Amino acid sequence: MHPTPVDVLWILIASALVFVMRLGFAMLESGLVRSKNSINVSAKVLTDLGVALIAFWVVGFGIMFGTSWKGLWGTNDFLLDFGSLWTSLFFLFHAMFASTGATIVSGAVAERIRFSSYLLITLLFAAVIYPVLGHWVWGGSLTGTTVGWLGKLGFRDFAGSTVVHSTGGWVSLAVILILGPRQGHYNQDGSVNRVTGAGLQTSIFGTILLWFGWFGFNGGSTLALNDQVPAIILKTSFSGAAGMLTALFLGWRLRGYPDVSLLINGALAGLVGATASAPWISTGSSLIVGAISALVMLALEYLLDRWRIDDAVTAIPVHLGAGIWGTLAVGLFGDPHLLDTGLNWEQQTLIQLLGILACGAWAFGVTWGVAFVVNRFRRFRVTSADEAAGLNVIEHKASTELYDLFRTLEEQSRSGDLNLRAPVEPFTEVGQIASQYNKVMDRLQENLVAKADYLSILNNVHEGLFLIDSGGRIGPFYSSVLEEFLGSVPLAGANFAQVLSPLVNPAVMEPWKDFHDVLFNSQIDEQAVARLNPLRQVELWTNNAPGSGTTRHARFQFRRLTENGQVVRVMVILRDVSSEIELQKNLETQKTERESEMELFYRILHIAPELLVDFLAGFDQKSRQINLLMEAGQHTPQDVLKHTFRVLHGLKGEASLLDLPFLVSSIHDIENEIQALEHKPDLQNSDFLSLALKLGRFQETGRELSQLVQKLRNFQTNIAQADVKASHGLVSALEGLAQRTAGKLGKMVSLKTSLNFEGTLAREDLSFWQEILAQLVKNAIVHGIELPEERLRHGKNKVGQITLTAEVHDHYVVRAKDDGQGIDLEGLKKKALEKGYDPQTVAHWSRSDVVRFLFTGGVSTAPTITEDAGRGVGLSFVSSRLSERGGRIAVSFHKGHYLEFVLTLPQRR
Amino acid sequence: MIVDDSSIMRRAITKYLTPLGFEIVGTAGNGQEALQLYREQPAELVTLDITMPQMDGLACLQALKEINSEVRVLVISALSDSQTGLKALKLGAKSFLPKPFTEAQLINEIQRIAGSKP
Amino acid sequence: MTEGELKFFIDVVTEYFEQITGESAGMGIPYIKSEEPAVLSFTGLIGISGPRKGAIYFTAEKALLSSLTREILDLVDPDDDSLLDMVGELTNTIAGNVRKSFGADFLISVPMLIKGKPTDILMRLKPPVFIVPILWRKEKAFLAVGLE
Numbered sequence: 001m002h003p004t005p006v007d008v009l010w011i012l013i014a015s016a017l018v019f020v021m022r023l024g025f026a027m028l029e030s031g032l033v034r035s036k037n038s039i040n041v042s043a044k045v046l047t048d049l050g051v052a053l054i055a056f057w058v059v060g061f062g063i064m065f066g067t068s069w070k071g072l073w074g075t076n077d078f079l080l081d082f083g084s085l086w087t088s089l090f091f092l093f094h095a096m097f098a099s100t101g102a103t104i105v106s107g108a109v110a111e112r113i114r115f116s117s118y119l120l121i122t123l124l125f126a127a128v129i130y131p132v133l134g135h136w137v138w139g140g141s142l143t144g145t146t147v148g149w150l151g152k153l154g155f156r157d158f159a160g161s162t163v164v165h166s167t168g169g170w171v172s173l174a175v176i177l178i179l180g181p182r183q184g185h186y187n188q189d190g191s192v193n194r195v196t197g198a199g200l201q202t203s204i205f206g207t208i209l210l211w212f213g214w215f216g217f218n219g220g221s222t223l224a225l226n227d228q229v230p231a232i233i234l235k236t237s238f239s240g241a242a243g244m245l246t247a248l249f250l251g252w253r254l255r256g257y258p259d260v261s262l263l264i265n266g267a268l269a270g271l272v273g274a275t276a277s278a279p280w281i282s283t284g285s286s287l288i289v290g291a292i293s294a295l296v297m298l299a300l301e302y303l304l305d306r307w308r309i310d311d312a313v314t315a316i317p318v319h320l321g322a323g324i325w326g327t328l329a330v331g332l333f334g335d336p337h338l339l340d341t342g343l344n345w346e347q348q349t350l351i352q353l354l355g356i357l358a359c360g361a362w363a364f365g366v367t368w369g370v371a372f373v374v375n376r377f378r379r380f381r382v383t384s385a386d387e388a389a390g391l392n393v394i395e396h397k398a399s400t401e402l403y404d405l406f407r408t409l410e411e412q413s414r415s416g417d418l419n420l421r422a423p424v425e426p427f428t429e430v431g432q433i434a435s436q437y438n439k440v441m442d443r444l445q446e447n448l449v450a451k452a453d454y455l456s457i458l459n460n461v462h463e464g465l466f467l468i469d470s471g472g473r474i475g476p477f478y479s480s481v482l483e484e485f486l487g488s489v490p491l492a493g494a495n496f497a498q499v500l501s502p503l504v505n506p507a508v509m510e511p512w513k514d515f516h517d518v519l520f521n522s523q524i525d526e527q528a529v530a531r532l533n534p535l536r537q538v539e540l541w542t543n544n545a546p547g548s549g550t551t552r553h554a555r556f557q558f559r560r561l562t563e564n565g566q567v568v569r570v571m572v573i574l575r576d577v578s579s580e581i582e583l584q585k586n587l588e589t590q591k592t593e594r595e596s597e598m599e600l601f602y603r604i605l606h607i608a609p610e611l612l613v614d615f616l617a618g619f620d621q622k623s624r625q626i627n628l629l630m631e632a633g634q635h636t637p638q639d640v641l642k643h644t645f646r647v648l649h650g651l652k653g654e655a656s657l658l659d660l661p662f663l664v665s666s667i668h669d670i671e672n673e674i675q676a677l678e679h680k681p682d683l684q685n686s687d688f689l690s691l692a693l694k695l696g697r698f699q700e701t702g703r704e705l706s707q708l709v710q711k712l713r714n715f716q717t718n719i720a721q722a723d724v725k726a727s728h729g730l731v732s733a734l735e736g737l738a739q740r741t742a743g744k745l746g747k748m749v750s751l752k753t754s755l756n757f758e759g760t761l762a763r764e765d766l767s768f769w770q771e772i773l774a775q776l777v778k779n780a781i782v783h784g785i786e787l788p789e790e791r792l793r794h795g796k797n798k799v800g801q802i803t804l805t806a807e808v809h810d811h812y813v814v815r816a817k818d819d820g821q822g823i824d825l826e827g828l829k830k831k832a833l834e835k836g837y838d839p840q841t842v843a844h845w846s847r848s849d850v851v852r853f854l855f856t857g858g859v860s861t862a863p864t865i866t867e868d869a870g871r872g873v874g875l876s877f878v879s880s881r882l883s884e885r886g887g888r889i890a891v892s893f894h895k896g897h898y899l900e901f902v903l904t905l906p907q908r909r
Numbered sequence: 001m002i003v004d005d006s007s008i009m010r011r012a013i014t015k016y017l018t019p020l021g022f023e024i025v026g027t028a029g030n031g032q033e034a035l036q037l038y039r040e041q042p043a044e045l046v047t048l049d050i051t052m053p054q055m056d057g058l059a060c061l062q063a064l065k066e067i068n069s070e071v072r073v074l075v076i077s078a079l080s081d082s083q084t085g086l087k088a089l090k091l092g093a094k095s096f097l098p099k100p101f102t103e104a105q106l107i108n109e110i111q112r113i114a115g116s117k118p
Numbered sequence: 001m002t003e004g005e006l007k008f009f010i011d012v013v014t015e016y017f018e019q020i021t022g023e024s025a026g027m028g029i030p031y032i033k034s035e036e037p038a039v040l041s042f043t044g045l046i047g048i049s050g051p052r053k054g055a056i057y058f059t060a061e062k063a064l065l066s067s068l069t070r071e072i073l074d075l076v077d078p079d080d081d082s083l084l085d086m087v088g089e090l091t092n093t094i095a096g097n098v099r100k101s102f103g104a105d106f107l108i109s110v111p112m113l114i115k116g117k118p119t120d121i122l123m124r125l126k127p128p129v130f131i132v133p134i135l136w137r138k139e140k141a142f143l144a145v146g147l148e
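Chains as they are written, first to last, in my numbering: chain A, 1 to 909; chain B, 1 to 118; chain C, 1 to 148.
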């Protein structure tokens, strides 16, 4: 064969167009499968090009176009040497066909076949199945002869409806039967779960591209650019269009909407259908062929689903179904004249049918046989986990962002690990989804983790912890201990008061409603409310098992939880305080025991006396009141109790105010007793015994207290008397001093004392005055009182008189007067001159100046120094001691008649 | 103003509050006296005992509130009549101090109320 | 003074009535007496010494004692001496029971019988003095206990 350059160019272009179909297939199939498998499908489409091309060169071409052996297969031209232009062109075009046929399989078996298994099938297809069949139909066409047995019988298949498309379909069917349907594709009831393809738009692009490729596929099959080519392309396209519209409108009618997949498959079916007959049918027939192709495709798709034969991309209805139809259409619509087989249409149709059957038997049989055997050793199909994960990653480690997101979600659903976050691919939709998802997870985790923490706290605390709402209902979460307290009745949502009522003394719950009201009234001070908590301390009856009930002391605390200033819920804390109370009781007992009289005494000392006296008077009066009340016998026991309680309670308030805790606790004890009696059903007089005893003991304490106060009074009086005694001692001491001093000097003296310190004198004050008075007495005797004979001479009593008086008002006022010679002014002036005072100054001294001199140290008017006077320190000692303490001294005298010192001293506080 | 039927209580409260700079407008031994006193000399702050002869504290509180709804009342009463205390709060008492109380508690409570808005 | 002790004295008295007359006596609400004694016309008193000091007395009006005497002795109109004897009898019973039950800690004096209302009777009792009204046939008597 010697093609013209135009033919060469056309065959090259056609080859290129057929090659482009591969891109169409890749787009079509990857768009129809799920994105987790899209890469895998596309990869197969690319890979089988390589496999098919080499395999076809090594053996396929030889089998198909080599020298025929009995019309069954070729026997030479393996590893073809591209010696001539024609051979090369021919090979190129058919190699494209062979690989295209292989590609059909890739879509049908998608989403579950092992990649290696697919390669095996491709190899089988391109090296054996397709070439043998091709030999049968097209054998000899390299040299323009017909050598294949089908071809010689008159079987006609222009561009491969059977040879390429049906063969691809049969092989697909065989492999699918071995593989089985995809996971979850069919439901128990036979309904189909349609997969959501990765992108139908891609499939549409692919279809358009395939259609375009078909220009070369059919148009190139003339192997020359002759006048038939445009018509072939047009009729092919008409068939495609008819198929597409038929499927579209029928589907629209049946399904209610223009189904995109029908659009695609309808077009492809029409194109396939026209492939066998395009040159030999009329344009009108091409429309019919196309329309029926679509119907066949639809019917076969329906049947496959019925039979649960899962074809991932509807490849079998399109390629096998429409392929068979197209092949038959050669007989039905083909112009016998143009066919030039010498057969009428019936004969032709029968031959076509024979070819179809032969093709099916060969392609399906060989494939199924090989696949069945190989599948025994190595499963064709991937594991179900891998299938779920998707073949992109499993086979190629090629992940898509969607896949990553999916993996994260899947892992999360499996493990429940909330720490997982989806990978965020920037600038993609999936990335945005992932990012939002992560935010949701963050919040969820925050809440859940926080909640988990709370719940773990609630399960581990020893306190009963729960919330109540304004309706008094217990919240859904509470600490597990709570059930130990309140019983395991369903607590969530239960009314708190109703749950508690059977467990406590009924009286306890009486104020509950009021308390609940003020608790939820945010206007009322929470601290004040807390003080009125009726459940501050209650005896809680717990009934664990029949007959084994126990009581324990429980403390309820209530905390408001506010939102926008409103109390929405109240947190309740419930604690078992039994041991605390036990301990407290013990401590109190011990404390009371230790509350010795000394302590009582100490406390009394710290109470303002007037309050204490009032209190004791009130105590006495109230005790009598109680006694009389009980004695009178006119009141009901309940009244007696009530009144007693009231009176005692007043006393308790006062006792507490005065910080007399032993009385407070003792009253408290009695109050408890009274309350117990008040709530006692069938109250007997004998029940009052213990109360009477307690009252007795209490009144006794009060009496002791009174006695103690009395003792204190006595004590004070005794101290005062002791001081009086002490000052008596002072008087006799002074008396002794006066007589001793006078005796030594030969003077006679009588001491008259009136020292009214009235017991107010502290010991140190006493010694202070003792010293001063002693000085004054000595001074009076030594300097004032004259000798007896001299006194007689002056017409005085020979016994000198010294008078000491002391009075205490605000000040001590002490007077010391003697009826001696008074002060010798001139003598003192002389003394001053002797002492070296300036004579001029001394000459002008007034009375008071002289007296002041008297009190300076080292002056004595006594001529000789004796033990008692004359050292001149007596008066200065007195004056300095006095002034140290802010006292003053005044002197009055009349020479020859008397001398009086008046000492005033502020009382020390 | 101090309302309490116990003279010791009255004297003690007076004694405790005077050093804090409170001027004691007057003291009353029962509810009626208290109302009369309040009409003559309205006090900003009233301590009110509940259990009193003649007119009890709750009735007095109600009457005081009628005269002046802004009056700040500290109810001082026994812990055991928690129901009465709750009623007092509902009637508009500022706070409740249970007897027995100590000097520090009284001062703390009075200062809290004095510092609060009417 | 414990509740048990007080209860014991009361029981002795009430049981005495029950044993003698078949009609038990009840008790009123006990109370404490600090001033003038609850003394009726006839009184029997037992002094107690030893570690526990004080006294117990039973005192009753003529009507109750008359009733009681009539019950025991069939005396229609007993004279005062008989009534005093009656009180003495009751007091002796109390004393006997106390001696029996309280043992060495209670040194019991010879019961002292008093007619009329002596003022110094409280001096013998140690405060607090518990007075327990005894009710029998609508008549009233008192049991007074004042022990340390």
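Hints should not be assumed to be uniformly reliable.
What the hints assert, rightly or not - The list that follows gives simulated cross-link-like pairs (lysine to any residue, SDA-like), each with its CA atoms no further than 20 Å apart:
| hint | chain 1 | residue 1 | chain 2 | residue 2 |
| --- | --- | --- | --- | --- |
| 1 | A | Lys513 | A | Ser470 |
| 2 | A | Lys622 | B | Arg10 |
| 3 | A | Lys680 | A | Pro502 |
| 4 | C | Lys126 | A | Ser690 |
| 5 | A | Lys694 | C | Gly47 |
| 6 | A | Lys513 | A | Leu467 |
| 7 | B | Lys15 | A | Ala608 |
| 8 | A | Lys622 | C | Glu3 |
None of these hints come from the bench; they were simulated from the model. The model shown is predicted, which means the values in this text are computed figures rather than measured ones.
Hints versus structure:
About 11 Å separates the Cα atoms of A:Lys513 and A:Ser470, which keeps this hinted pair within 20 Å; it holds. Proximity of A:Lys622 to B:Arg10 is assessed by CA-CA distance (about 18 Å); at most 20 Å being required, the pair is judged to hold. Distance check on the hinted pair: A:Lys680 and A:Pro502 sit about 17 Å apart at the alpha-carbon level, within 20 Å; holds. With a C-alpha separation of about 18 Å, the suggested pair C:Lys126 and A:Ser690 falls inside the 20 Å cut-off, and the hint holds.
Proximity of A:Lys694 to C:Gly47 is assessed by CA-CA distance (about 23 Å); at most 20 Å being required, the pair is judged violated. Straight-line distance between C-alpha atoms of A:Lys513 and A:Leu467 comes to about 17 Å, which keeps the hinted pair within the 20 Å bound. Annotation: proposed proximity of B:Lys15 to A:Ala608 holds, straight-line Cα distance about 11 Å (limit 20 Å). Between A:Lys622 and C:Glu3, the direct Cα distance comes to roughly 23 Å. Violation of the 20 Å bound is thereby established for this hinted pair.
Checked against the numbered hints given earlier, the structure breaks hints 5, 8 and satisfies all the rest.
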